[in-house]
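Novice: Listed below, chain by chain, are the residues.
There are 2 protein chains.
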Amino acid sequence: MNFEFIENGTVTTPKGFTAAGVIGGVKSSNTTKRDIMMIASEKICNAAAVFTKNLVQSSAVTLSKKHLENGTAQAIIANSGNANTCNADGMEKAEKMCCLAAENLGIDESDVIVASTGVIGQAIPIEPFEKAVPEIAKIMSKDGGSDAAEAIMTTDTVKKESAVKFELNGKTVTIGAIAKGSGMIHINMGTMLSFACTDAAISSDMLKSALKEAVEVSYNMVSVDGDTSTNDTLAILANGLAGNEEITSRNEDYRIFTDALTALCKSMAKKLAADGEGATKLIICSVNGAKTTTEAKGTAKAVICSSLVKAAMFGSDANWGRVLCAIGYSGCDVDITKVDVAFSSSAGCIEVCKNGVGVDFSEDDAKKILLENEITIKIELNDGNGSAEAYGCDLTYDYVKINGDYRT
Amino acid sequence: MNFEFIENGTVTTPKGFTAAGVIGGVKSSNTTKRDIMMIASEKICNAAAVFTKNLVQSSAVTLSKKHLENGTAQAIIANSGNANTCNADGMEKAEKMCCLAAENLGIDESDVIVASTGVIGQAIPIEPFEKAVPEIAKIMSKDGGSDAAEAIMTTDTVKKESAVKFELNGKTVTIGAIAKGSGMIHINMGTMLSFACTDAAISSDMLKSALKEAVEVSYNMVSVDGDTSTNDTLAILANGLAGNEEITSRNEDYRIFTDALTALCKSMAKKLAADGEGATKLIICSVNGAKTTTEAKGTAKAVICSSLVKAAMFGSDANWGRVLCAIGYSGCDVDITKVDVAFSSSAGCIEVCKNGVGVDFSEDDAKKILLENEITIKIELNDGNGSAEAYGCDLTYDYVKINGDYRT
Chain A
1 MNFEFIENGT VTTPKGFTAA GVIGGVKSSN TTKRDIMMIA SEKICNAAAV
51 FTKNLVQSSA VTLSKKHLEN GTAQAIIANS GNANTCNADG MEKAEKMCCL
101 AAENLGIDES DVIVASTGVI GQAIPIEPFE KAVPEIAKIM SKDGGSDAAE
151 AIMTTDTVKK ESAVKFELNG KTVTIGAIAK GSGMIHINMG TMLSFACTDA
201 AISSDMLKSA LKEAVEVSYN MVSVDGDTST NDTLAILANG LAGNEEITSR
251 NEDYRIFTDA LTALCKSMAK KLAADGEGAT KLIICSVNGA KTTTEAKGTA
301 KAVICSSLVK AAMFGSDANW GRVLCAIGYS GCDVDITKVD VAFSSSAGCI
351 EVCKNGVGVD FSEDDAKKIL LENEITIKIE LNDGNGSAEA YGCDLTYDYV
401 KINGDYRT
Chain B
1001 MNFEFIENGT VTTPKGFTAA GVIGGVKSSN TTKRDIMMIA SEKICNAAAV
1051 FTKNLVQSSA VTLSKKHLEN GTAQAIIANS GNANTCNADG MEKAEKMCCL
1101 AAENLGIDES DVIVASTGVI GQAIPIEPFE KAVPEIAKIM SKDGGSDAAE
1151 AIMTTDTVKK ESAVKFELNG KTVTIGAIAK GSGMIHINMG TMLSFACTDA
1201 AISSDMLKSA LKEAVEVSYN MVSVDGDTST NDTLAILANG LAGNEEITSR
1251 NEDYRIFTDA LTALCKSMAK KLAADGEGAT KLIICSVNGA KTTTEAKGTA
1301 KAVICSSLVK AAMFGSDANW GRVLCAIGYS GCDVDITKVD VAFSSSAGCI
1351 EVCKNGVGVD FSEDDAKKIL LENEITIKIE LNDGNGSAEA YGCDLTYDYV
1401 KINGDYRT
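Chains as they are written, first to last, in the working numbering: chain A, 1 to 408; chain B, 1001 to 1408.
A portion of the hints provided could be inaccurate.
Said to hold, decoys possible - Derived coverage of chain A by chain B (criterion: at least 3 residues anywhere in the stretch with Cβ under 8 angstroms from a Cβ of chain B; other residues may be distant):
# : stretch
1 : 37-50
2 : 53-59
3 : 77-87
4 : 348-357
5 : 395-401
What the hints assert, rightly or not - From chain B, some residues computed to sit far from chain A (all C-beta separations above 10 angstroms):
#  : residue
6  : 1103
7  : 1293
8  : 1311
9  : 1327
10 : 1371
What the hints assert, rightly or not - For lysine-lysine, the following DSS-like pairs were computed, each having C-alpha atoms within a straight-line distance of at most 25 angstroms:
#  : chain 1 : residue 1 : chain 2 : residue 2
11 : B       : 1338      : A       : 66
12 : A       : 338       : B       : 1066
13 : B       : 1291      : A       : 53
14 : A       : 270       : A       : 378
15 : B       : 1401      : A       : 368
16 : A       : 291       : B       : 1053
17 : B       : 1053      : B       : 1165
18 : A       : 338       : B       : 1291
19 : A       : 15        : A       : 131
20 : B       : 1338      : A       : 53
21 : B       : 1033      : B       : 1291
22 : B       : 1053      : A       : 401
23 : B       : 1401      : A       : 367
Please keep in mind that the hints were generated in silico from the structure rather than gathered at the bench.
Cβ coordinates follow ideal geometry from the N, Cα and C atoms, glycine included.
For reference, chain A alone in the conformation it holds in the complex (with noise of 0.2 angstroms):
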C-alpha cells in the first residue's frame, strides 16, 4: 500500500485549503444545528465531480455541471435543512448562494460549486445565507473542515470525514474528504454529499477518471444504479500546491493517486453504511468467483438491498435463505447449485450453504458471530474470477421511526 491514512483528518487537511461550518437557520430560524459551510481554496483548481442520475434534479446540482464544464472551480457552499429541489425559485435561489460566497471570497461567481440536502419542495429561505456566509467567509480556517462536515449533516448521527496521504516524486500529498448520507434503505435514496479537497498536481482530465475509478467501487456499491436522489454530489478540488509534477497521463503517479482516493472513498462509504439511518450495524456483501464483475456487482448489489436480508441481520438471525432468495432475483447469470454462503465477523466465520443447499450449523455460534456490529456475507459462487463488495446496513425500528415524520 503506497498510502496511510491520518489521524484526524479531514477536508481541510491538505495544503491551502479552509472551511467553517454555521448555525444558519436553514433548518428553522432557531435551530441550534451547523447547517450552512464553505471550503474554498487560496488559489484556483481543477475541478471534477459526479452527481445524480435521477430525472427530478436540485436547482444546486444544475447549476454546479454548469460551473464545472470549464474544469476548474475554487469554493464550495452547501447547506443542509433544505434541498433546494421541486421549487419554481430553485436556480434563482442557487445563482444568489454562488453570488454570496463569491463575493465575500473575492473569487467568481463560476468557480463555487453549489449543493443543497433536506427537504425537497419547500422554497429554500435565503436570508440565513445573506447572513451567514460573510461571517462565514471571516472565520474559514484550516481546522474548520470538521465544522463543515457537521453542518451537511441531515439524519446522520456522527461526522464523516478523514484524509490520507502519499509520496509523489519525493513530495507528500494528500487528500481529504468529508460526507453526510444516511437514508439508506437504498442508500441512494436519501441524499449522499461529499467533498474532497486535495493539494495533489493533477489534471482536469486525469481528476475526472480519478474521481469515476473510485466512485465506481465505493459510493456506488451503497448504492444500486438508477435509483438515486435527487441532489447526490460528489466534488473534489486540486490545487497542486503538494508540488508534485501535474498528472496528466495514466502514469504511475495516476495509478498511485487514484489508488489513494478510492482507499479514502471507501472509508467514507462505510462509514455512510455503518450510519444508515437507524443501523446498528454495518453489512458487507463480498461476493467472490462470479463469472464477471458485473455479475459479482449485481449479485453483492441485490443481497445488501433485500430488506428481509437486513431485517434478519438486526435480529442477528442466521436467514440464508434470504441471501440465496436475493441472488436468485438479482437478474445475474449465476448457478445456484454452486453457491456457497458463510457469515463472518470478528467473533467468527460459519459456512451455513453449500452448493446451493443449507448444511448443518450451530445456530448459538451464527447468533454469536451477527450480534457483531460488523457483519460480512460472504458468498462464493464458484463460476469464475468476478468479484465485489457492496456495503450496507440493518433495517430496524429507528429507520421507520426516522422515516414516517421526516418532515416535522
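Assemble the complex: chain A is given as a structure, and chain B must be docked to it using the hints.
Specialist: Chain B alone, transformed into the frame defined by chain A:
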C-alpha cells in the same frame, strides 16, 4: 360490469370443488395453526399456472410445472411452515406430497399441483403429511375453502378469499380464489400463493391466456419484475361443470371470463397489499397520462416500492418530494416539469404538486386524508394515454419486528 362478487365467496364456491385445511404439524409438532390443505375437483380440470421467475425455486414449483405440462390437473396440496426450497431431498419430498394426495383422492399423481411456503433451507418433515392427508381426504367439503385459506397463511393476519359470478350463454359461471402473501416491502420477496377454481368450461390454452392477462394488472402490480420469491405460485383449475359452451378462442365469452377473473385477482391483490407485513394502510398508486402503459406501470411500481414513500405514508406525512424522487429514478421516460401529484382517500383529495413543483396546501387537510387506511397517490404525467395502478402498503415498526427474527 358483467360480473358480481359473491358474499362469503371462496375457492370452493364454484360447482364441483371441495377442500379442507388441518393442523398437520409442519410448522412445529405442537402448532395450533392449520398448515396443510387440499383442494380437489370431482372431475379432471383444465389447468394453468404462473410461477416465480426466481432462479432459486422450491422443489414444489419444479414439480408442479412438470405436472402441468399436459394442461390438466384435479387437485392441489399445499402447506405453510416450510418452503421446501434449497433442500437436498426437496424433490423427493414434493413427490411424496403429490403421491399421498393422489392415493387418498384416487387420482393420478401427475394431476396434483403442489405448493409450499415458509422457511427456506430446512428439510420439510414428511410425517405430518402421512398423518394429515388421509384425514383431509375424508373431511373435504364445499365448506372447506376457508380452512384451506387459513392453512396457507404464514405472517398473514387475515384469510384472503373471494368469488365472482357471471353469465355465459345463460349459464351461471363462478370463479373462487384463496391467497396468502404478506412479506411485502417488495411483495414478491415474500411468497405469494393463490389458488383459483372455476366451473367454467374453458380450454387450457384460453385459461392460460386469461390467467396471464389477469395477473399482469393485479398480482404483478404488487410486485417488481424479476424480484420474486422462491415459491410464488398462482394456479387455476377449471372443471367445466357450469355447462357453458367451452371457451376455445378469444371470443366475447373469453372477454367476460377474463374481466371477471381480473376483477377477482385485483381484489385479492389489494387484500395482499393491505395485509402487508406490519402494514396499517393499503396504498394505491394510480398513474395516468403516461406515454405508454409500460411507462405508467414502471412509474407506479417505483413509487409503491419506495421505502421512503412507504414510511411517509405510515407517518401520514404528505412528503410528495419522495414521490417525485421515486418517479425520477424509475427509469421511465417522464417529463418531470409536467408531473402533477395528489393524495386522496375517503377523507378527500388534495393536490400537492403541479408541473413538478410544490403547490401551497393545508398540511392539516393532507394529514386528515393520509390518516385513513386506504390512500391513493394520484400521479398525472400529462404526456399521453398510458395508465396503471400498483398496490402496496406502508412501512412500519412491525415490518421490522416480523422480519427481524422470522425463524425463531
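Novice: Hints first: check each against the structure and report whether it holds.
Specialist: Going through the hints against the structure:
no. : hint                : result
1   : 37-50               : violated (count 0)
2   : 53-59               : holds (count 5)
3   : 77-87               : holds (count 4)
4   : 348-357             : holds (count 3)
5   : 395-401             : holds (count 6)
6   : 1103                : holds, 29 angstroms
7   : 1293                : holds, 20 angstroms
8   : 1311                : violated, 3 angstroms
9   : 1327                : violated, 7 angstroms
10  : 1371                : holds, 12 angstroms
11  : 1338(B) <-> 66(A)   : holds, 24 angstroms
12  : 338(A) <-> 1066(B)  : holds, 24 angstroms
13  : 1291(B) <-> 53(A)   : holds, 21 angstroms
14  : 270(A) <-> 378(A)   : holds, 17 angstroms
15  : 1401(B) <-> 368(A)  : holds, 20 angstroms
16  : 291(A) <-> 1053(B)  : holds, 21 angstroms
17  : 1053(B) <-> 1165(B) : violated, 31 angstroms
18  : 338(A) <-> 1291(B)  : violated, 43 angstroms
19  : 15(A) <-> 131(A)    : violated, 29 angstroms
20  : 1338(B) <-> 53(A)   : holds, 19 angstroms
21  : 1033(B) <-> 1291(B) : violated, 48 angstroms
22  : 1053(B) <-> 401(A)  : violated, 34 angstroms
23  : 1401(B) <-> 367(A)  : holds, 17 angstroms
Violated hints, listed in ascending order, are 1, 8, 9, 17, 18, 19, 21 and 22; each of the other numbered hints is respected by the structure.
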